[in-house]
Amino acid sequence: MDEKLKKTETRLMKGNEALAEAAIRAGMDAYFGYPITPQSEILEYFEAEIPKRKGVVLQAESEVAAINMIYGAAGAGARVMTTSSSPGISLMQEGLSYIAAAQLPCLVVNVVRGGPGLGTIQPSQGDYFQAVKGGGHGDYHLIVLAPSSVQEMADFVFLGFRLAEKYRMPAMILSDGALGQMMEKVELPEEGSLPHTIPDWATMGKPASRERNIITSLHMQSEKMEEINLELQENYKKLRSEVRFEEFQTSDADVMLIAFGLSARVCQKAVELAREKGIKVGLLRPITLYPFPSVRIKELAAQVDFFLDVEMNAGQMVEDVALAVNGIKPVHFKGRMGGMIPSPEDVLEEIESIIEKQSVGVF
Amino acid sequence: MESELLIEDLECVYKKPSTITDTPLHYCPGCGHSIVHKLIMEVVEEMGIQETTIGVAPVGCSVFAYNYMDVDMQEAAHGRASAVATGIKRVRPDKFVYSYQGDGDLAAIGTAETIHTVNRGENILMFFINNAIYGMTGGQMAPTTLSGQVTSTSPYGRDVKQIGYPLKITEMIAMLPGAYYVTRQSINNVNSCRKLKKAIRIGFENQKLNKGTSFIEVVSNCPSGWKQTPIETMTWIEENMFPMYPLGDIKVSK
Amino acid sequence: MIIGLEVCKGCELCISACPQESLGLSTHINLNGYKYAELIKDNCTGCINCAIICPESAITVYRQPKPVRKATSAEVTG
Chain A
1013 MDEKLKKTET RLMKGNEALA EAAIRAGMDA YFGYPITPQS EILEYFEAEI
1063 PKRKGVVLQA ESEVAAINMI YGAAGAGARV MTTSSSPGIS LMQEGLSYIA
1113 AAQLPCLVVN VVRGGPGLGT IQPSQGDYFQ AVKGGGHGDY HLIVLAPSSV
1163 QEMADFVFLG FRLAEKYRMP AMILSDGALG QMMEKVELPE EGSLPHTIPD
1213 WATMGKPASR ERNIITSLHM QSEKMEEINL ELQENYKKLR SEVRFEEFQT
1263 SDADVMLIAF GLSARVCQKA VELAREKGIK VGLLRPITLY PFPSVRIKEL
1313 AAQVDFFLDV EMNAGQMVED VALAVNGIKP VHFKGRMGGM IPSPEDVLEE
1363 IESIIEKQSV GVF
Chain B
826 MESELLIEDL ECVYKKPSTI TDTPLHYCPG CGHSIVHKLI MEVVEEMGIQ
876 ETTIGVAPVG CSVFAYNYMD VDMQEAAHGR ASAVATGIKR VRPDKFVYSY
926 QGDGDLAAIG TAETIHTVNR GENILMFFIN NAIYGMTGGQ MAPTTLSGQV
976 TSTSPYGRDV KQIGYPLKIT EMIAMLPGAY YVTRQSINNV NSCRKLKKAI
1026 RIGFENQKLN KGTSFIEVVS NCPSGWKQTP IETMTWIEEN MFPMYPLGDI
1076 KVSK
Chain C
90 MIIGLEVCKG CELCISACPQ ESLGLSTHIN LNGYKYAELI KDNCTGCINC
140 AIICPESAIT VYRQPKPVRK ATSAEVTG
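Protein chains in written order, with our numbering: chain A, 1013 to 1375; chain B, 826 to 1079; chain C, 90 to 167.
The hints are simulated quantities; they were obtained by calculation from the structure and are not laboratory data.
Keep in mind that the hints are not guaranteed to be accurate.
[Said to hold, decoys possible] If you want a taste of the chain C side facing chain B, the calculated C-beta under 8 Å gives, among others:
no.	residue
1	V96
2	E101
3	G113
4	T116
5	L120
6	Y123
7	N138
8	A140
9	I142
10	P144
11	E145
12	S146
13	T149
14	R152
15	Q153
16	P154
[Stated by the list, open to error] One side of the interface only, derived from the structure: several residues of chain A facing chain B at Cβ under 10 Å:
no.	residue
17	V1076
18	T1215
19	E1357
Beta carbons: idealized from backbone N, C-alpha and C, even for Gly.
Put together the whole structure using the sequences plus the hints.
Below is the structure:
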């Protein structure tokens, strides 16, 4: 499904920096961003590196300004990216709605921290709803990719740009504070291996040979606005073919763990611990949160006794899991909030408790 | 002996610029927006830069500016036109980029973007159409509404003790080193229009120099919001707006 | 000068701008329901004031070109 990325160099890097380096190698034309913990290193990396390499970097006066600069540059046909963390991403929601409505490609990275409100700088997965259900006003979606390693922080930049440009919509990498800060070995993709051509709808200055290009999302007549909406929905249908997920020991599993990002790493360990105790647990890790692997989850429902959805929030992705399972089997939930990370032992304990108490699922 | 005058024998000394579309303008009769659009597009035509110009439209009465100005344009979110223009200019530095905003867009919701765009000295041309009212949404008070001026959200007249004084944002941003050319013009009569057109020309020419932001405030009218005839609005501008917002160059850098 | 009658919105700015008082507001209305501006005197000098201020760009102005001096044989030789 994915073209194999040609890797040219291996380094030990922090998640945030691997992402930034990958963006430069992916031929990003411009980055507009604003500092916020835990992702300010990304802006800092670009400010140091881009003058030596190529592209534009600008520290905007706010996330609001940054997302609107992204809109302008994307509308002018450039490959652009911005990054922020939860409260900053909230500020960007209006801009994202406009970008989605105007069908502009761009890449947005949310290095999620605990919330709501000003919250904490510790990792969280509390922005799933915001990312996956639209986040801003109106009927729209973003492509949402959930990395669970520093390697994926780098690889998903290439994937994000490619999908955003193919489907003319914004793509989001939904990361978290821990992934951003942890250091792992990463094989970096080759610089220049993702070529980019300026699309013909971009505002580049109107030559005599064509009508003027207008980038807008304002359509006052309802008939026209509905047409635009139907176009967007059609596009999202086509996007379903891009669903991606990873399975770990699922073929004979009686208990299915569902988790993304950091939680998935924890669950992978939990699977190993459970199997040592003779419980056949498997893990389905969604990679694209939108489009969601509903079809595969529904298939797995036939085989398992129950699902356990593990997230670092109060229960968000579990709703989409339940929708997919559609009542066929119980769906349980284990969550930690506020920056707390569940341990593999916590997850195992939860599995054992469910089995022992024969508890009813939350859904 | 009187010969008949035929059009073919006459010299056409003025016609609608080719850079304004044929779409009928939706603006109220006598609205300054229509006049400013025309003057900007005249300059674009005369300079021959239609193919290399990109404009940014605001939210307000002129949200549909892209229906009338025949250049590539982008529609910005309310207040954000200068940020959008920054994004465009940073990735397309060889194009002429301008933003066009009303008083709410530039001096209320967009104040941060306005100040920082000029502070960075973005090499763009910013238009600020100041008519001391929010036209599109039905005539509410603007940051530039005059003391005592009646609007739909200041039905007893703007009370400066409660809500503050008219905001002279142009003077504020002129102080920034990033501001290269700052001027205040108007459309209250033909002479003002001629001076405005000259200022627009300077603004576009300045982009070739890459020395900072050019900023043109146009003291304009709102016949519907002010509840006056177009001719009355021009008198009102002269008697009420000019004392607060005097015309002239505020900053011309070397 | 020629005014595009159907485009005119009767704002009267041209009438006020004309130094010759050549323009007035018609008592008739156009298809949009506006009373349109029209020439009421035959003394237009082609100064283009009206055209500059017209918000609808409805006015086109023509002038008689200045007479061109025809060269006589005496002037042609260098």
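May I ask which of the numbered hints given earlier this structure violates, with the numbers listed in increasing order? Hints 3, 4, 5, 19 not satisfied by this model.
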